[in-house]
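Asker: Taken in order, these protein sequences are the chains called A and B.
Under my numbering, read the first sequence as residues 1 to 346, first letter to last.
Under my numbering, read the second sequence as residues 1 to 346, first letter to last.
Be careful, since some hints might not be right.
Claimed, not checked - If you anchor each label on the Cβ, the simulated ranges turn out as follows:
1. B:P291 - A:P12: 52 to 62 Å
2. B:D146 - A:R267: 38 to 48 Å
3. A:G329 - B:D146: 40 to 50 Å
4. A:L13 - B:T331: 33 to 43 Å
5. A:D146 - B:G199: 16 to 26 Å
6. A:G113 - B:E205: 49 to 59 Å
As the list claims (entries may be wrong) - Chain A regions said to be covered by chain B (calculated; three or more residues, Cβ under 8 Å):
7. 42–54
8. 64–70
9. 234–240
As the list claims (entries may be wrong) - Non-contacting residues of chain B with respect to chain A, defined by C-beta distances greater than 12 Å in every case (computed):
10. G26
11. F76
12. A99
13. T168
14. P176
15. A195
16. G237
Just so you know, these hints were derived from the structure itself, not from any lab.
Note that the Cβ used here is the ideal one computed from N, Cα and C, for glycine as well.
Number of protein chains: 2
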Amino acid sequence: MIDEFALQCPIPLDDNPTVQMGHGGGGRMTRELIERVFVPVFANEALAPLHDGAILPPARGRLAFTTDTFVVRPLFFRGGDVGTLAVNGTVNDLAMCGARPLYLSAGFILEEGLPIKDLWRVVLSMGAAAKAAGVRVVTGDTKVVDRGHGDGIYINTAGVGVIETDLTIGPGSIRPGDAIVLNGDIGRHGIAVMAEREGLQFESEISSDCAPLAGPVQDLLRAGVEVHCLRDLTRGGLTSALVELGESAALPFRIREDAVPVRDEVRGACEILGLEPFSVANEGRFVAFVPSGQVELARATLGGEGAVIGSVEPRGTDPPFVRVETPLGTTRILDLPSGEQLPRIC
Amino acid sequence: MIDEFALQCPIPLDDNPTVQMGHGGGGRMTRELIERVFVPVFANEALAPLHDGAILPPARGRLAFTTDTFVVRPLFFRGGDVGTLAVNGTVNDLAMCGARPLYLSAGFILEEGLPIKDLWRVVLSMGAAAKAAGVRVVTGDTKVVDRGHGDGIYINTAGVGVIETDLTIGPGSIRPGDAIVLNGDIGRHGIAVMAEREGLQFESEISSDCAPLAGPVQDLLRAGVEVHCLRDLTRGGLTSALVELGESAALPFRIREDAVPVRDEVRGACEILGLEPFSVANEGRFVAFVPSGQVELARATLGGEGAVIGSVEPRGTDPPFVRVETPLGTTRILDLPSGEQLPRIC
């Protein structure tokens, strides 16, 4: 986090100014909002001309391009806010392509009446998260919608990165025998947002795991791990990631339930809320599919929290099920939740 | 427009199905929406893997990167809809950087209860507009917000293009003596949206001018016109474009009011609505700053509608005002509207 006292908002906040329709109209007020709220925080050469788009130097290598929109409710929660999510979510989608994230765009939909201090706080979070992830916000857009529409702030970010590895990282590269490595415990982001929204108090406070993943992925690649596929565990959690990858790769997976780290407080909160930790969203967790011979290298590179949670099985006659071995020795088949377990968590 | 009968929605529309919260949850319903609504229309190689991001071949040259969010009300209007706007708006911002547009991302915020047929119609419009502009939608995201929030559909698009010219196109390249060329009549988009929203009937129906501008810009560059700066006339219209460019370039401009084409029906509608045609939004109009010696080449390249509307003056002691000579021989100074003339028109 940028120290809020270190960077003071150029718009005086004492009288609690709010976002007006005119801030989205393309006139003087829009210009002032951009110059006084966004530019001081995102300051960089490419953004400076405030032209219709950013002009960027040629990139050597294949490009990765992705987008994500963030409509989380509430805007602020333990461990982050919509701004940290908006930066890390897109940084992480680029990282999952094996790319080094370079540039972000930021599209804001602001609700008329939003306190400027809330916007400032979110923009500061974005600036801090971008700095931590080594990306620059180079282009943006602001729209304002009438009071009662929107929900304070929706943010879209799109990202461009460069792929410096020759590996083809994606579902099509998953092979039977691959080990499935997870970079840490699951479920904290979704529970942190739900706790904030519902005013729940748990014995130990649960913070979002929101974090940039480009660093760990670049570490794996630099260490020489032949990464076959990467997927971050956002909406739908570990369940959606595994089921979708199994279907895309047309290969069955086998997962050991007790190999998947879940903190006791998350497990407790899930029991209270009637949720399944496997399906709760994360914002700093991913699975890597790597050759079985490189498991130890991958775990060592990811540090203490890396866990081997299962493996890819040979193609069989069954559909490509994801089978989970329970601690009791039974097996269940993982399926996508049909609707939405936790709405509006990212 | 794609013929709606030529491409039938894979989700049967007879029972008027609607968007549910589960369509944004990352589970089975999200997957179905993507596979049955977005993929058939946007179909292309980069989108096909449905991974976290699109992996794209290396681009030779500098990159242009831009974003825009579309919150127009109503969603459908004469001459286009939020989908045509979302594609052309971002294509045009890339074109204004002198770039050839290559790829778009599409981030949807859908309101719970939105008829799937409205979404399908918008997605078809986006597919047709992307085809017409020669770009591909390669990555996307869908979120659903609760009924009563949002306004049916908000769309963010970000775009990536490649700059194949060696020219530096931007406000910093504007020079005293440059001619200012406009590619056609102004004011139709804003009036078309307002007419639809307010249920106004004008004698002759006014359609949005929404159109892709990458073609005309590439034509100018191929013809050898040494383009100094380009700006499309969206929010805030011609007024915002000229005032902002004058301030960025720190140079005064002189505009001849009667050289700016405005259709009689637009002028009439502006009088009824108390609007100034110069400040009404367009979605297919731009100004080009070119050396005075290349004015005829530029006009010939743009075709019959291109008009020379003014020129860049030498730097003076005054602030860089945009002066408009009226048909009466008087002069007025153009300034940014302080608030918003026409809210929610893009």
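Asker: For every hint, state whether the structure bears it out.
Answerer: A quick look at each hint next to the structure:
1. Restraint check, P291 (chain B) to P12 (chain A): a C-beta distance of roughly 45 Å breaks the suggested window 52 to 62 Å.
2. Evaluation of the 38 to 48 Å hint for D146 (chain B) and R267 (chain A) yields a failure: the beta carbon distance comes to about 29 Å.
3. Take G329 (chain A) and D146 (chain B): their Cβ atoms lie about 43 Å apart, and the range 40 to 50 Å holds.
4. In this structure the supplied range 33 to 43 Å holds for L13 (chain A) paired with T331 (chain B), their Cβ-Cβ distance being about 40 Å.
5. At about 18 Å, the CB distance of D146 (chain A) to G199 (chain B) agrees with the hint of 16 to 26 Å.
6. Judged by the Cβ atoms, the range 49 to 59 Å given for G113 (chain A) and E205 (chain B) is violated: they are separated by roughly 36 Å.
7. Taking a C-beta to C-beta cut-off of 8 Å, the segment 42–54 of chain A contributes 6 residues in contact with chain B, enough for the three needed, and the coverage statement holds.
8. Closer than 8 Å: that is the beta-carbon criterion, and the segment 64–70 of chain A has 7 residues meeting it against chain B, so the requirement of 3 holds.
9. Chain B is given as covering the segment 234–240 of chain A, and this holds because 4 residues of the stretch bring a CB closer than 8 Å to a CB of that chain, at least three being needed.
10. Look at G26 (chain B): its CB is around 3 Å from the nearest CB on chain A, not clear of 12 Å, so calling it non-interface is violated.
11. The Cβ of F76 (chain B) lies farther than 12 Å from every Cβ of chain A, with a closest approach of about 18 Å, so its non-interface assignment holds.
12. For A99 (chain B), the shortest C-beta to C-beta distance to chain A comes to about 7 Å, within the 12 Å cut-off, and the non-interface label is violated.
13. In this structure T168 (chain B) is not separated from chain A by more than 12 Å, as the shortest Cβ-Cβ distance comes to only about 8 Å.
14. With a closest Cβ-Cβ approach of about 19 Å to chain A, P176 (chain B) is found to remain outside the 12 Å limit, as its non-interface label requires.
15. Taking the minimum C-beta to C-beta distance to chain A, about 19 Å, the non-interface status of A195 (chain B) holds against the 12 Å cut.
16. With a least beta-carbon separation of about 8 Å from chain A, G237 (chain B) fails to lie farther than 12 Å from that chain, contradicting its non-interface assignment.
Comparing the model with each earlier hint shows violations of hints 1, 2, 6, 10, 12, 13 and 16; every other hint is respected.
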